[in-house]
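Protein chains in written order, with this note's numbering: chain X, 1 to 157; chain H, 1 to 157; chain C, 1 to 157; chain R, 1 to 157.
Please keep in mind that the hints were generated in silico from the structure rather than gathered at the bench.
Please read all numbers here as calculations on a predicted model, not as lab measurements.
You may find that some hints are simply not true.
Copies of one chain are not kept apart here, so a pair can be met inside one copy or by any two copies together.
Said to hold, decoys possible - Restricting the straight-line Cα-Cα distance to at most 35 Å, the calculated cross-link-like pairs of lysine-lysine (DSBU-like) are:
no., residue 1, residue 2
1, Lys66, Lys113
2, Lys154, Lys113
3, Lys89, Lys125
Number of protein chains: 4
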Amino acid sequence: MPAGMIESICSNFYLLIFKLMPAYSTFETELQVRPDDIDMNGHVHNSKYLDYVLAARFEQMERCYKMSMAEFLERGLSWYVRAAFIQHKIPLHMGDQMLVRTHVAELRSRGVKVEYKIIRQVDGKLSAKGYFDYVMVDRETGRPRVIEPDIVEKYSI
Amino acid sequence: MPAGMIESICSNFYLLIFKLMPAYSTFETELQVRPDDIDMNGHVHNSKYLDYVLAARFEQMERCYKMSMAEFLERGLSWYVRAAFIQHKIPLHMGDQMLVRTHVAELRSRGVKVEYKIIRQVDGKLSAKGYFDYVMVDRETGRPRVIEPDIVEKYSI
Amino acid sequence: MPAGMIESICSNFYLLIFKLMPAYSTFETELQVRPDDIDMNGHVHNSKYLDYVLAARFEQMERCYKMSMAEFLERGLSWYVRAAFIQHKIPLHMGDQMLVRTHVAELRSRGVKVEYKIIRQVDGKLSAKGYFDYVMVDRETGRPRVIEPDIVEKYSI
Amino acid sequence: MPAGMIESICSNFYLLIFKLMPAYSTFETELQVRPDDIDMNGHVHNSKYLDYVLAARFEQMERCYKMSMAEFLERGLSWYVRAAFIQHKIPLHMGDQMLVRTHVAELRSRGVKVEYKIIRQVDGKLSAKGYFDYVMVDRETGRPRVIEPDIVEKYSI
Chain X
1 MPAGMIESIC SNFYLLIFKL MPAYSTFETE LQVRPDDIDM NGHVHNSKYL DYVLAARFEQ
61 MERCYKMSMA EFLERGLSWY VRAAFIQHKI PLHMGDQMLV RTHVAELRSR GVKVEYKIIR
121 QVDGKLSAKG YFDYVMVDRE TGRPRVIEPD IVEKYSI
Chain H
1 MPAGMIESIC SNFYLLIFKL MPAYSTFETE LQVRPDDIDM NGHVHNSKYL DYVLAARFEQ
61 MERCYKMSMA EFLERGLSWY VRAAFIQHKI PLHMGDQMLV RTHVAELRSR GVKVEYKIIR
121 QVDGKLSAKG YFDYVMVDRE TGRPRVIEPD IVEKYSI
Chain C
1 MPAGMIESIC SNFYLLIFKL MPAYSTFETE LQVRPDDIDM NGHVHNSKYL DYVLAARFEQ
61 MERCYKMSMA EFLERGLSWY VRAAFIQHKI PLHMGDQMLV RTHVAELRSR GVKVEYKIIR
121 QVDGKLSAKG YFDYVMVDRE TGRPRVIEPD IVEKYSI
Chain R
1 MPAGMIESIC SNFYLLIFKL MPAYSTFETE LQVRPDDIDM NGHVHNSKYL DYVLAARFEQ
61 MERCYKMSMA EFLERGLSWY VRAAFIQHKI PLHMGDQMLV RTHVAELRSR GVKVEYKIIR
121 QVDGKLSAKG YFDYVMVDRE TGRPRVIEPD IVEKYSI
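Please build the complete structure, drawing on both the sequences and the hints.
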């Protein structure tokens with residue numbers, strides 16, 4: 001059987017699996033550009049977009065997943081960033097309002113991959129998108145930890 | 001006449017003048033602590049409070065004084081900070097909502113002194129207070145400029 | 001010819017081309033963690049690593065590529081970030097010294113891909129790595145521009 | 001005796017006391033402007049100067065006072081900012097190198113007042129000056145604490 005056919009079968013199989021996989025909810029947080037986010041180019045500084053996503057996740061952890069970052073910290077847990085990716089489309093400027101949409105893309109035993117989109121609210125255009133790869137850690141040791149079942153459940157919506 | 005009496009008369013005269021002086025309006029902006037504002041002490045980082053006041057002023061410039069920072073920049077003008085003072089009372093923490101109240105305390109030919117209070121919204125307690133001394137500058141040269149009459153008028157509310 | 005064989009030939013051809021491609025120099029900048037970079041987890045905040053790479057590139061633009069960011073700005077040019085990726089290995093802490101190594105990985109007509117490594121100086125361990133995808137823009141319009149020959153030459157070392 | 005004479009005597013007495021008071025050493029730290037410190041006005045953002053002073057103090061705590069911030073934290077102590085003042089003279093720009101000079105101005109039972117000057121290195125001109133009023137706190141409770149004798153001694157140089 002030629003490689004092309006195998007590839008095609010695999011690809012279809014993958015799509016099938018994907019459709020059977022649970023789809024995680026997308027949540028949305030409204031944020032505003034702060035003047036100190038603007039850099040010498042007159043638009044929001046590159047690394048601040050990552051902080052916007054962090055702010056949105058924190059808000060959604062409390063409001064949507066019903067477990068605030070404070071509760072994680074109290075349980076001796078924290079989320080560390082293992083990797084982050086951002087693709088810029090349209091810069092945000094002073095006074096801009098944005099919608100930060102995030103959803104869990106992968107839920108693993110010790111971590112979670114979150115995909116995000118930052119939307120410029122005035123015209124609904126995509127400003128940036130990407131993902132964060134978080135790992136659950138023990139605050140004392142800084143080492144990765146298996147995500148406990150009650151947290152897995154909370155994140156499986 | 002002994003010095004103490006002169007001092008007392010001057011002091012009363014000053015109070016009289018002060019009461020006749022125009023009182024400027026106080027405006028209020030609601031802001032939220034962002035996770036990236038938190039420092040190693042687990043509360044909002046000292047210098048971020050100044051950024052909160054800046055954010056509040058920008059919002060109030062547009063909404064209350066009817067002249068946004070963007071309009072200043074377009075006219076080749078900007079406000080530089082000449083001095084700033086902050087007194088911390090109660091630290092703000094992750095997730096805290098705040099009210100930033102500011103008012104013009106002095107309107108001079110080339111600058112304006114703005115006093116502020118940062119209130120923790122949950123209990124109305126004072127978190128920080130202080131002032132900013134701004135000077136109007138020409139963006140090209142960076143040099144101070146006399147505030148034009150239409151701007152003086154806008155700031156005299 | 002089966003697809004697998006074609007793939008294999010292409011792959012080898014690609015490797016050949018890659019070996020013939022010019023290799024760009026790697027430059028190194030020494031930086032120090034600043035206390036305001038530390039976040040609630042007690043280590044350097046995720047998005048600050050991107051600012052370290054930016055700082056290293058600015059220093060290297062002047063010292064190594066002989067064209068400072070100021071010179072770009074004077075010529076009406078700037079570099080915008082199109083995409084950025086970061087993978088965290090070991091967190092940096094208060095007082096840590098680091099080496100930021102960067103090299104041009106791709107030089108395109110309108111942009112440049114820069115790969116970086118952030119090394120913890122005390123033990124030479126890798127703290128983070130990733131890449132930045134920059135696009136050259138006209139400062140007035142914010143639109144991409146073809147990189148002019150003298151700049152291409154400077155970046156081809 | 002008229003009030004003016006009493007005032008004059010008090011004033012002279014104060015000057016005498018002041019001359020007898022111990023003078024604390026001034027220490028100096030060299031820092032560099034980081035590109036992410038630059039704001040929309042093309043110079044270092046107002047609140048970042050406070051972070052420069054913080055960075056200088058941390059460096060001096062370890063090098064000059066022989067007790068690093070890490071050691072304070074390990075002993076369950078931290079320094080909170082009670083008040084801060086800054087006066088801007090000349091803005092710092094991209095690529096600028098600075099000297100941050102600080103000295104203890106007052107050593108109280110629960111706190112310390114530190115005065116600072118930020119010098120632009122290229123021409124030795126004063127960029128900013130002001131003070132920080134720190135209070136020693138118990139990290140657990142966040143409450144002020146009497147500074148222990150060994151720390152008083154270290155800070156009395």
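Going down the list of hints, with the structure as the test:
1. In this assembly of identical chains, the alpha carbons of Lys66 and Lys113 lie at most 35 Å apart only when taken from the same copy (18 Å versus 40 Å across copies).
2. Within a single copy, Lys154 and Lys113 get their C-alpha atoms as close as 15 Å, which meets the 35 Å cut-off; across copies the closest is 39 Å, which misses it.
3. In this assembly of identical chains, the alpha carbons of Lys89 and Lys125 lie at most 35 Å apart whether taken from the same copy (9 Å) or from different copies (34 Å).
Checked against the numbered hints given earlier, this structure breaks none of them.
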